[in-house]
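S.K.: Residues per chain, in single letters:
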Amino acid sequence: MKIDIKNDNGAAIARLSGEIDHHNAKELRIEIDRFIVTAQPRELAIDLGGITFMDSSGIGLIMGRSKLMKECGGRLEVLNPQPYIRRVLRLAGIERIVKIR
Amino acid sequence: MEILNEIKFTMPSLSVNEGAARAVVSSFLIQADPTVEELSDIRTAVSEAVTNAVVHGYRHKKGNIELTVRLLPDRVIYIRVKDKGCGIENVEQAMEPLFTTAPEEERSGLGFSVMQSFMDKLKVKSAPDKGTTVTMRKRLSAHGD
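Protein sequence lines correspond, in order, to chains Y and R.
Quick note on numbering: numbering that gives the first Met the number 0 labels position 61 of the first sequence as 60, and the sequence is numbered without any gaps.
Quick note on numbering: numbering that gives the first Met the number 0 labels position 15 of the second sequence as 14, and the sequence is numbered without any gaps.
Calculated directly from the structure, the hints in this document are not laboratory data.
Just so you know, these numbers come straight off a predicted model, no measurement behind them.
Note that the Cβ used here is the ideal one computed from N, Cα and C, for glycine as well.
Where hints are given, some of them may not hold.
[As the list claims (entries may be wrong)] Each computed DSS-like pair below joins lysine-lysine, with the alpha-carbon atoms no more than 30 Å apart: (1) Lys25/Y - Lys129/R; (2) Lys83/R - Lys124/R; (3) Lys61/R - Lys124/R; (4) Lys7/R - Lys129/R; (5) Lys83/R - Lys129/R; (6) Lys5/Y - Lys98/Y; (7) Lys122/R - Lys61/R; (8) Lys69/Y - Lys98/Y; (9) Lys83/R - Lys61/R; (10) Lys25/Y - Lys69/Y; (11) Lys7/R - Lys137/R; (12) Lys25/Y - Lys61/R; (13) Lys25/Y - Lys83/R; (14) Lys60/R - Lys25/Y; (15) Lys1/Y - Lys61/R.
[To be verified] Pairwise CB distance ranges (calculated): (16) Pro82/Y - Glu95/R: 44 to 54 Å; (17) Thr37/Y - Leu71/R: 36 to 46 Å; (18) Lys122/R - Arg74/Y: 40 to 50 Å.
[Said to hold, decoys possible] Short, incomplete list of chain Y residues facing chain R, as computed with Cβ under 10 Å: (19) Ile12; (20) Arg14; (21) Ser16; (22) Asp20; (23) Asn23; (24) Lys25; (25) Arg28; (26) Glu30; (27) Met53; (28) Asp54; (29) Gly57; (30) Met62; (31) Ala91.
Let's have the full structure, built from the sequences with the hints guiding it.
M.R.: Have a look at this one:
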């Protein structure tokens with residue numbers, strides 16, 4: 000599991016790679032939350048392009064970050080999910096809350 | 000029913016074993032030549048069931064999780080995830096989408112929905128203090144025959 004966060008003048012992107020499951024979601028959560036709280040970006044895009052596996056733990060991760068971004072006055076979006084991960088996201092109805100591109 | 004091949008193993012309820020369970024299941028299923036999508040579906044369902052055992056079944060005390068994977072005739076894959084943890088008081092309620100008893104861990108309450116949606120059949124047997132057994136089946140397409 001790898002995470003690389005870049006902040007470009009308030010529009011940030013967090014590139015994740017590897018697998019998202021319950022075991023490693025906590026670590027991701029801590030790292031992304033620390034960034035949101037300290038950098039206060041207007042927009043945060045979570046790029047799932049490098050994710051090879053995701054179960055419902057990823058849904059919890061995205062919903063939680065979306066909530067935190069809202070509380071901080073910002074907005075979250077999700078980028079590049081593989082077709083199979085898109086199915087997991089769709090099952091949760093997450094596209095009603097978060098924009099997926 | 001005739002069992003063409005079977006793998007059965009036991010692992011302690013450590014969260015790192017969620018990934019290990021997926022890896023073992025994937026390796027075993029290669030012989031059945033599933034499509035990428037079928038393999039993803041099964042890996043995800045296994046991950047959900049094992050995570051449930053780790054997070055809920057053995058919430059209070061660690062224990063063992065037994066995972067069985069069978070290759071049955073007609074390209075049917077059988078998966079059983081069994082724990083001897085605290086069990087589920089109300090299985091019907093636990094299976095409702097978005098129901099969770101662990102919101103503090105950001106559990107989305109979608110584990111059973113994922114299993115139901117990605118597999119053909121799902122059965123959950125559970126009783127308080129007796130543990131939980133999840134059995135799932137999925138028939139693979141004729142791809143590779």
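S.K.: Run every hint past the structure and note whether it holds.
M.R.: Tested hints:
1. Lys25/Y - Lys129/R: 29 Å, holds
2. Lys83/R - Lys124/R: Judged against 30 Å, a Cα distance of about 12 Å means the pair holds.
3. Lys61/R - Lys124/R: 20 Å, holds
4. Lys7/R - Lys129/R: Holds. Lys7/R to Lys129/R sits at ~20 Å (cutoff 30 Å).
5. Lys83/R - Lys129/R: Holds - the C-alpha atoms of Lys129/R and Lys83/R are around 6 Å apart, at most 30 Å.
6. Lys5/Y - Lys98/Y: This hinted pair holds, its Cα atoms lying about 19 Å apart.
7. Lys122/R - Lys61/R: 24 Å, holds
8. Lys69/Y - Lys98/Y: Since the Cα atoms of Lys69/Y and Lys98/Y sit roughly 13 Å apart, the hinted pair holds (cutoff 30 Å).
9. Lys83/R - Lys61/R: 10 Å, holds
10. Lys25/Y - Lys69/Y: 20 Å, holds
11. Lys7/R - Lys137/R: Distance of about 18 Å is within 30 Å: holds.
12. Lys25/Y - Lys61/R: The given pair, whose Cα atoms are some 19 Å apart, holds under the 30 Å limit.
13. Lys25/Y - Lys83/R: 25 Å, holds
14. Lys60/R - Lys25/Y: Holds, at about 20 Å.
15. Lys1/Y - Lys61/R: Between Lys1/Y and Lys61/R the Cα gap is close to 28 Å, so the pair holds against 30 Å.
16. Pro82/Y - Glu95/R: 44 to 54 Å: Check failed, 27 Å falls outside 44 to 54 Å.
17. Thr37/Y - Leu71/R: 36 to 46 Å: 53 Å, violated
18. Lys122/R - Arg74/Y: 40 to 50 Å: Because 41 Å falls inside the window, the suggested range holds.
19. Ile12: Because about 22 Å separates Ile12/Y from the closest Cβ in chain R, which is outside the 10 Å limit, the hint is violated.
20. Arg14: 21 Å, violated
21. Ser16: Not OK, violated: Ser16/Y not within 10 Å of chain R, min 15 Å.
22. Asp20: Holds. Min distance 5 Å.
23. Asn23: Holds, because the Cβ-Cβ distance from Asn23/Y to chain R comes to roughly 8 Å (cut-off 10 Å).
24. Lys25: Since the shortest Cβ distance to chain R is 8 Å, the answer is holds.
25. Arg28: Holds. Min distance 7 Å.
26. Glu30: 14 Å, violated
27. Met53: Hint on Met53/Y: holds, closest Cβ of chain R at ~8 Å, below 10 Å.
28. Asp54: The hint holds - Asp54/Y has a Cβ within 10 Å of chain R, the shortest such distance being about 4 Å.
29. Gly57: 9 Å, holds
30. Met62: Holds, about 7 Å.
31. Ala91: 6 Å, holds
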